[in-house]
Amino acid sequence: GAVVSQHPSWVICKSGTSVKIECRSLDFQATTMFWYRQFPKQSLMLMATSNEGSKATYEQGVEKDKFLINHASLTLSTLTVTSAHPEDSSFYICSASRSGSIHEQYFGPGTRLTVT
Amino acid sequence: ILNVEQSPQSLHVQEGDSTNFTCSFPSSNFYALHWYRWETAKSPEALFVMTLNGDEKKKGRISATLNTKEGYSYLYIKGSQPEDSATYLCASFNNAGNMLTFGGGTRLMVKP
Numbered sequence: 001g002a003v004v005s006q007h008p009s010w011v012i013c014k015s016g017t018s019v020k021i022e023c024r025s026l027d028f029q030a031t032t033m034f035w036y037r038q039f040p041k042q043s044l045m046l047m048a049t050s051n052e053g054s055k056a057t058y059e060q061g062v063e064k065d066k067f068l069i070n071h072a073s074l075t076l077s078t079l080t081v082t083s084a085h086p087e088d089s090s091f092y093i094c095s096a097s098r099s100g101s102i103h104e105q106y107f108g109p110g111t112r113l114t115v116t
Numbered sequence: 001i002l003n004v005e006q007s008p009q010s011l012h013v014q015e016g017d018s019t020n021f022t023c024s025f026p027s028s029n030f031y032a033l034h035w036y037r038w039e040t041a042k043s044p045e046a047l048f049v050m051t052l053n054g055d056e057k058k059k060g061r062i063s064a065t066l067n068t069k070e071g072y073s074y075l076y077i078k079g080s081q082p083e084d085s086a087t088y089l090c091a092s093f094n095n096a097g098n099m100l101t102f103g104g105g106t107r108l109m110v111k112p
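If you read the sequences in order, they're chains Y and P. For what it's worth, the numbering used here labels the leading residue of the first sequence as 1, then goes sequentially. For what it's worth, the numbering used here labels the leading residue of the second sequence as 1, then goes sequentially.
Simulated from the structure, these hints should not be mistaken for lab results. The beta carbon of each residue, even a glycine, is placed where N, CA and C say it ideally should be. Treat the hints with care, since some could be wrong.
Claimed, not checked - Only pairs whose alpha carbons sit at most 25 Å apart, straight line, appear in this in silico SDA-like list of lysine to any residue:
no. : chain 1 : residue 1 : chain 2 : residue 2
1   : Y       : 20        : Y       : 90
2   : P       : 42        : Y       : 54
3   : Y       : 41        : P       : 69
4   : P       : 69        : Y       : 104
5   : P       : 42        : Y       : 28
6   : P       : 42        : Y       : 83
To be verified - In silico negatives: residues of chain P with every beta carbon more than 10 Å from chain Y:
no. : residue
7   : 41
8   : 42
9   : 46
10  : 56
11  : 57
12  : 99
13  : 101
14  : 102
15  : 111
Claimed, not checked - Sample of chain P residues lacking proximity to chain Y, with all beta carbon distances greater than 10 Å (derived):
no. : residue
16  : 8
17  : 12
18  : 19
19  : 20
20  : 34
21  : 36
22  : 43
23  : 44
24  : 55
25  : 60
26  : 62
27  : 63
28  : 71
29  : 84
30  : 98
31  : 110
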């Protein structure tokens with residue numbers, strides 16, 4: 001149980017385009033979902049936290065207009081990187097938690113984004 | 001300690017060797033310490049979640065200890081096997097930030 005999928009696994013896009021990444025909890029209801037980013041040789045860094053039906057809470061330094069997060073259902077959250085630039089190239093990974101247990105997070109396999 | 005730090009960054013061992021890694025974390029407002037095993041192209045897999053000072057947990061050949069007063073946790077692998085090769089992440093959750101803060105990971109490579 002507690003499987004999280006992410007799609008796509010890899011994406012290459014041109015500078016200026018937008019890219020949507022999906023995160024799904026396959027066998028449980030995720031009241032809270034998290035989006036992390038990892039640059040090479042660095043730790044996973046939390047970008048934003050989203051609760052189903054609410055606006056996402058962004059960490060300091062993360063532009064909410066650039067990284068649009070939607071958590072419209074208890075099993076799906078999406079991250080849209082708008083007007084992507086090469087510096088947005090990174091590894092994006094989501095996680096999901098059940099109600100009342102936000103520190104226990106189940107992770108997707110991640111998405112490698114390359115912006116050319 | 002302000003951040004979560006892991007050492008070493010990477011480790012090469014021979015099959016059959018026992019090994020251990022360290023995770024240091026801020027002890028203030030501590031709530032839980034998580035260890036994950038992360039193989040390439042897969043999801044990080046939860047190994048242990050520990051909350052109490054002095055906690056020891058074991059899963060097969062892998063075990064972990066926790067010292068919340070001094071802010072460190074050790075992960076031990078006994079008799080390493082090639083399939084243990086992965087990156088081992090620790091993450092601390094505290095009550096102040098309500099978020100998981102990750103260390104940089106220890107990349108383990110076990111040679112047959």
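Right, here's what the structure says about each hint:
With a C-alpha separation of about 14 Å, the suggested pairing of residue 20 of chain Y with residue 90 of chain Y holds against the 25 Å cut-off. Between residue 42 of chain P and residue 54 of chain Y the CA atoms are separated by roughly 29 Å; this puts the pair beyond 25 Å, and the hint is violated. A hinted pair counts as satisfied when its Cα atoms are at most 25 Å apart, and residue 41 of chain Y with residue 69 of chain P does not qualify at roughly 29 Å. The hinted pair formed by residue 69 of chain P and residue 104 of chain Y meets the criterion: a straight-line CA distance of about 22 Å does not exceed 25 Å.
Annotation: proposed proximity of residue 42 of chain P to residue 28 of chain Y holds, straight-line Cα distance about 19 Å (limit 25 Å). Taken as a hint, the residue 42 of chain P and residue 83 of chain Y pair is broken in the structure, with Cα atoms around 28 Å apart against an allowance of 25 Å. Residue-level check failed: residue 41 of chain P sits 7 Å from the nearest beta carbon of chain Y, not beyond 10 Å. The non-interface label for residue 42 of chain P is inconsistent with chain Y: the shortest C-beta to C-beta separation is roughly 6 Å, within 10 Å.
A beta-carbon of chain Y comes within 10 Å of the beta-carbon of residue 46 of chain P; the shortest separation is about 7 Å. No beta-carbon of chain Y is positioned within 10 Å of the beta-carbon of residue 56 of chain P; the least distance is around 19 Å. Distance check on residue 57 of chain P: its Cβ is at least 14 Å (rounded) from any Cβ of chain Y, clearing the 10 Å threshold; non-interface status holds. For residue 99 of chain P, the non-interface assignment is contradicted: its Cβ lies about 5 Å from the closest Cβ of chain Y, within the 10 Å cut-off.
Look at residue 101 of chain P: its CB is around 8 Å from the nearest CB on chain Y, not clear of 10 Å, so calling it non-interface is violated. The beta carbon of residue 102 of chain P sits about 4 Å from the closest Cβ of chain Y, which is not more than 10 Å, so the claim that it is off the interface is violated. Once the 10 Å rule is applied to beta carbons, residue 111 of chain P is consistent with being away from chain Y; the minimum gap is 22 Å. Here residue 8 of chain P stays apart from chain Y, with its beta-carbon at least about 14 Å from theirs, past the 10 Å limit.
In this structure residue 12 of chain P is separated from chain Y by more than 10 Å, as the shortest Cβ-Cβ distance comes to about 17 Å. Once the 10 Å rule is applied to beta carbons, residue 19 of chain P is consistent with being away from chain Y; the minimum gap is 21 Å. The non-interface label for residue 20 of chain P is consistent with chain Y: the shortest C-beta to C-beta separation is roughly 20 Å, beyond 10 Å. The Cβ of residue 34 of chain P does not lie farther than 10 Å from every Cβ of chain Y; its closest approach is about 7 Å, which violates its non-interface assignment.
A beta-carbon of chain Y comes within 10 Å of the beta-carbon of residue 36 of chain P; the shortest separation is about 8 Å. Listed as a non-interface residue, residue 43 of chain P fails to keep its Cβ farther than 10 Å from every Cβ of chain Y; the least gap is roughly 5 Å. Here residue 44 of chain P does not stay apart from chain Y, with its beta-carbon only about 4 Å from theirs, under the 10 Å limit. Residue 55 of chain P, annotated as away from the interface, keeps every beta carbon of chain Y farther than 10 Å; the closest lies near 15 Å.
Residue 60 of chain P, annotated as away from the interface, keeps every beta carbon of chain Y farther than 10 Å; the closest lies near 20 Å. With a closest Cβ-Cβ approach of about 18 Å to chain Y, residue 62 of chain P is found to remain outside the 10 Å limit, as its non-interface label requires. Interface exclusion of residue 63 of chain P from chain Y stands, the closest Cβ pair being 20 Å apart, more than 10 Å. Under the 10 Å C-beta cut-off, the non-interface status given to residue 71 of chain P relative to chain Y holds; the minimum distance is some 17 Å.
Every C-beta of chain Y lies more than 10 Å from that of residue 84 of chain P, the closest at about 19 Å, which supports listing it as non-interface. The beta carbon of residue 98 of chain P sits about 7 Å from the closest Cβ of chain Y, which is not more than 10 Å, so the claim that it is off the interface is violated. The Cβ of residue 110 of chain P lies farther than 10 Å from every Cβ of chain Y, with a closest approach of about 21 Å, so its non-interface assignment holds.
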